[in-house]
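Visitor: The residues making up each chain are set out below.
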Amino acid sequence: MSRRFSLTLVVALMAGFIALSYEILWYRAFSFVSWGRPTVFGLLLGCYLLGVALGSSGSRRFCREDDGDERGRERSLRALAAFVFLSDVAGFLVIPILARLAQYTWFPAFGVVAISAGLLGAVLPLVAHFGIPADDRAGQRLSYVYLANILGSAAGSFLTGFVLMDVWSTQTISAFLGAAGLVMVALLFLASRPSPRAAALGLGTVVVAGVASVFASPVLFEHLYERLLYKELYQPEMTLADVVENRHGVIAVNHYQQVYGGGAYDGAFNVSLVDDKNFIERAFAVSAIHPSPKNVLMVGLSSGSWAQVVAHLPGVEHLTVVEINPGYLELIAKHPHVASLLKNPKVDIVIDDGRRWLLRHPERKFDFIVMNTTYHFRAHATNLLSAEFMEVARSHLLPGGIHYFNTTSSDDVQRTAATLFPHAMRIVNFMAVSDSPLVFDHARWEQTLREVSIDGVPALDLNAPHQRNVLTRLLAMGHSIEQHAYDKYGLEGRDDLLARTAGARMVTDDNMLCEWEDLLKFPKGADL
Amino acid sequence: MRILSTLFFISGFAALVYQVVWQRTLFAIYGINIESVTVVVTAFMLGLGLGSLAGGAVSKDPRRPVVLLFAAVEATIGLFGAVSLPLFRGVGQATLALSPAAVAFVTFLLILAPTMLMGSTLPLLVAHFTRLSKNVGRSVGLLYFINTLGSALASVVSVVVLLPRLGQGHAVHVAALLNLAAAATAFVLHQRQKGASGETSSSSSSSSSSSSSSSNAAELAR
Numbered sequence: 001m002s003r004r005f006s007l008t009l010v011v012a013l014m015a016g017f018i019a020l021s022y023e024i025l026w027y028r029a030f031s032f033v034s035w036g037r038p039t040v041f042g043l044l045l046g047c048y049l050l051g052v053a054l055g056s057s058g059s060r061r062f063c064r065e066d067d068g069d070e071r072g073r074e075r076s077l078r079a080l081a082a083f084v085f086l087s088d089v090a091g092f093l094v095i096p097i098l099a100r101l102a103q104y105t106w107f108p109a110f111g112v113v114a115i116s117a118g119l120l121g122a123v124l125p126l127v128a129h130f131g132i133p134a135d136d137r138a139g140q141r142l143s144y145v146y147l148a149n150i151l152g153s154a155a156g157s158f159l160t161g162f163v164l165m166d167v168w169s170t171q172t173i174s175a176f177l178g179a180a181g182l183v184m185v186a187l188l189f190l191a192s193r194p195s196p197r198a199a200a201l202g203l204g205t206v207v208v209a210g211v212a213s214v215f216a217s218p219v220l221f222e223h224l225y226e227r228l229l230y231k232e233l234y235q236p237e238m239t240l241a242d243v244v245e246n247r248h249g250v251i252a253v254n255h256y257q258q259v260y261g262g263g264a265y266d267g268a269f270n271v272s273l274v275d276d277k278n279f280i281e282r283a284f285a286v287s288a289i290h291p292s293p294k295n296v297l298m299v300g301l302s303s304g305s306w307a308q309v310v311a312h313l314p315g316v317e318h319l320t321v322v323e324i325n326p327g328y329l330e331l332i333a334k335h336p337h338v339a340s341l342l343k344n345p346k347v348d349i350v351i352d353d354g355r356r357w358l359l360r361h362p363e364r365k366f367d368f369i370v371m372n373t374t375y376h377f378r379a380h381a382t383n384l385l386s387a388e389f390m391e392v393a394r395s396h397l398l399p400g401g402i403h404y405f406n407t408t409s410s411d412d413v414q415r416t417a418a419t420l421f422p423h424a425m426r427i428v429n430f431m432a433v434s435d436s437p438l439v440f441d442h443a444r445w446e447q448t449l450r451e452v453s454i455d456g457v458p459a460l461d462l463n464a465p466h467q468r469n470v471l472t473r474l475l476a477m478g479h480s481i482e483q484h485a486y487d488k489y490g491l492e493g494r495d496d497l498l499a500r501t502a503g504a505r506m507v508t509d510d511n512m513l514c515e516w517e518d519l520l521k522f523p524k525g526a527d528l
Numbered sequence: 001m002r003i004l005s006t007l008f009f010i011s012g013f014a015a016l017v018y019q020v021v022w023q024r025t026l027f028a029i030y031g032i033n034i035e036s037v038t039v040v041v042t043a044f045m046l047g048l049g050l051g052s053l054a055g056g057a058v059s060k061d062p063r064r065p066v067v068l069l070f071a072a073v074e075a076t077i078g079l080f081g082a083v084s085l086p087l088f089r090g091v092g093q094a095t096l097a098l099s100p101a102a103v104a105f106v107t108f109l110l111i112l113a114p115t116m117l118m119g120s121t122l123p124l125l126v127a128h129f130t131r132l133s134k135n136v137g138r139s140v141g142l143l144y145f146i147n148t149l150g151s152a153l154a155s156v157v158s159v160v161v162l163l164p165r166l167g168q169g170h171a172v173h174v175a176a177l178l179n180l181a182a183a184a185t186a187f188v189l190h191q192r193q194k195g196a197s198g199e200t201s202s203s204s205s206s207s208s209s210s211s212s213s214s215s216n217a218a219e220l221a222r
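In order, the protein sequence lines correspond to chains W and R. With full-length UniProt numbering, the residue at position 50 of the first sequence is 50, and numbering never jumps. With full-length UniProt numbering, the residue at position 105 of the second sequence is 105, and numbering never jumps.
Warning: the hint list may mix true and false statements.
[As the list claims (entries may be wrong)] With beta-carbon atoms standing in for the labels, derived distance ranges:
1. R165(R) to K343(W): 22 to 30 angstroms
2. V91(R) to P133(W): 22 to 30 angstroms
3. V83(R) to A485(W): 27 to 35 angstroms
[What the hints assert, rightly or not] Examples of chain R residues lying across from chain W (beta carbon under 8 angstroms, computed):
4. L48
5. S52
6. L68
7. A104
8. F108
9. L109
10. N135
11. R138
Don't read these hints as lab results, they were simulated from the structure. All residues carry an ideal CB built from backbone N, CA and C; glycine is no exception.
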């Protein structure tokens, strides 16, 4: 293999690695800013590929038939070095630009992706032109270059997506990719045999760019997740209390103890019925609808507040929690209201995909399955809200068992649940469904509210007048089912719900209906 | 060449529809945890890479009928695509209890054949175009542009139109139909080229063939 072709393969490999690594980082940032709307994946990929397509097309201008001689090859290499340099700078700047645009409207950031990807996309044709003679073996040699590019991409998927994201922040990974790009630029430039003066100038530019990125990086990435989260509301003093970045995603916590998983509200660190910022009474309601939920499964842990309450409810002997992101455990350990959950002998926490865990453990049966599911319009929410999943949950219920989950007020999801199960009840925005009759037991509800305590602290201190008012309000909520009138914060029986949602459709794995609601509407900071 | 370029655009469009839908299907079966996502994405990449190698190996013999091979590849992708979702779901159900490594291997095998076929088309057509234009960079640039443009359009159309309106099953059926239509057109193109080259050789007129190549090269240069 010639030296030229070896260099071609190395460049194709590194370009693939850097391009895919950036794509992973960009997707993380775009997903965070959009609350993980499913359309963002397609739009980002579309802009990325459009950029790659235009870049590869534009690069043809730099491919001349007389590039076959030594001078032509050197010219090709310098053009390649210039493209790699520009693509490196552009790739590095995408996320900081997105973060700043988020304060106004972040949609134009897709254009920035296309520009950056365009520069990245020019690299493959240019390097192929440099390294492959135009003969009958061009197709075969191109296949090696393409393979090297794809292997680099696969390495990016694995190394960046699986390893680096677990140990480094987005800022650090961006700096690493920027540095890798600059090394490639230097290699290409030196390989083009520049004159001593040109070499000094070119390498000087690379070094200056490297030093500038080291100093600029903290400024460019400052308050990254604050900007992406608060968007138009962002002010420099609005800092997050905690941010966990790992390969499973990004979790942010604000100073009001609210949790944002992947940019979307995901609960709050609160088990109090009095300072109730997360409608935690829905967790206490487990006792009202099941007489003896001995063995409980919870899919999704988030702040741990729900698990903490359920673990303290009367009759609960064992709670299994399946959570996909171990980052929540780090956060729970830091918050005193919920930290004891991690040491509670009744509680087992498994790190896995909830649906997959259920499918892989058909022998596990429960009295109660509870899921404080994320917004129904986020990507992959279908996996926990579809008719197929409800059947999976049903197969894990013991006789008299109840499946209880957050529909985030989706009529489609509520109708799907009420259609599949003969017994159903809406509790605020949750659905409780079962193959056995469902009753909201007012006596148990009152007893639970009066007697349950969390880590020795009563859920309600009935000596305090305003806490007695809370009790009165919650007891009234239990009776709202009898009014047969829609109350968003109350209860609703199956027949009323089916009549109200007559225009809604069944959510299936195939149609993913709930995710496509207002598919091009993206959240603002004010929606938090 | 314009027809072949259009077919390659359609091929890129269909490939991306499959990628979007298959990923969703596989994530529903194997989970959306990062391990599953990495396995699925890497499997896609490796399949494309191995397909590229295979396509490159096949392309080096100039006597091989590249357009006919392209037609066969598109037809096979389309046929696989048409049955892909029931196949994935069936295999997924059957293999759920396996170890993570075994599941990764099964996932890889599931998408190896179609992604290899997808990956093989670029080197096949690059070889064909380069023989006409004598310029690798322009051939790669043009074909990569066309194919990727099709994929870019498919990315957006998939999430804005196909999946929201048709669902996963019908979205892959649309992609399969596009593959089969591309295959049929490429087959007709091959038959025509075969007929034309037969006529050319029978009349011993090399000038028309060389002028045709020149015009193709000029078209590429544009």
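Visitor: Indicate, hint by hint, whether the structure satisfies it.
Guide: Hints versus structure:
Distance hint check for R165(R) and K343(W): the Cβ-Cβ separation is about 50 angstroms, which falls outside the suggested range of 22 to 30 angstroms. In this structure the hint that V91(R) and P133(W) lie 22 to 30 angstroms apart at CB is violated, the actual value being about 43 angstroms. V83(R) and A485(W) have their C-beta atoms about 50 angstroms apart, which leaves the hinted 27 to 35 angstroms range violated. Satisfaction of the interface hint for L48(R) is found here, the shortest Cβ-Cβ separation to chain W being roughly 5 angstroms, below the 8 angstroms cut-off.
A cut of 8 angstroms between beta carbons decides the hint on S52(R): the least distance to chain W is about 4 angstroms, and the hint holds. A cut of 8 angstroms between beta carbons decides the hint on L68(R): the least distance to chain W is about 15 angstroms, and the hint is violated. About 12 angstroms separates the beta-carbon of A104(R) from the nearest beta-carbon of chain W, more than 8 angstroms, and the hint is not met. Residue-level restraint check for F108(R) is violated (minimum Cβ-Cβ distance to chain W is 11 angstroms; threshold 8 angstroms).
Interface restraint check: L109(R) against chain W, minimum CB-CB distance 16 angstroms, threshold 8 angstroms, status violated. Contact between N135(R) and chain W, as hinted, is supported at the beta carbon level, the nearest pair being about 6 angstroms apart and thus within 8 angstroms. About 5 angstroms separates the beta-carbon of R138(R) from the nearest beta-carbon of chain W, less than 8 angstroms, and the hint is met.
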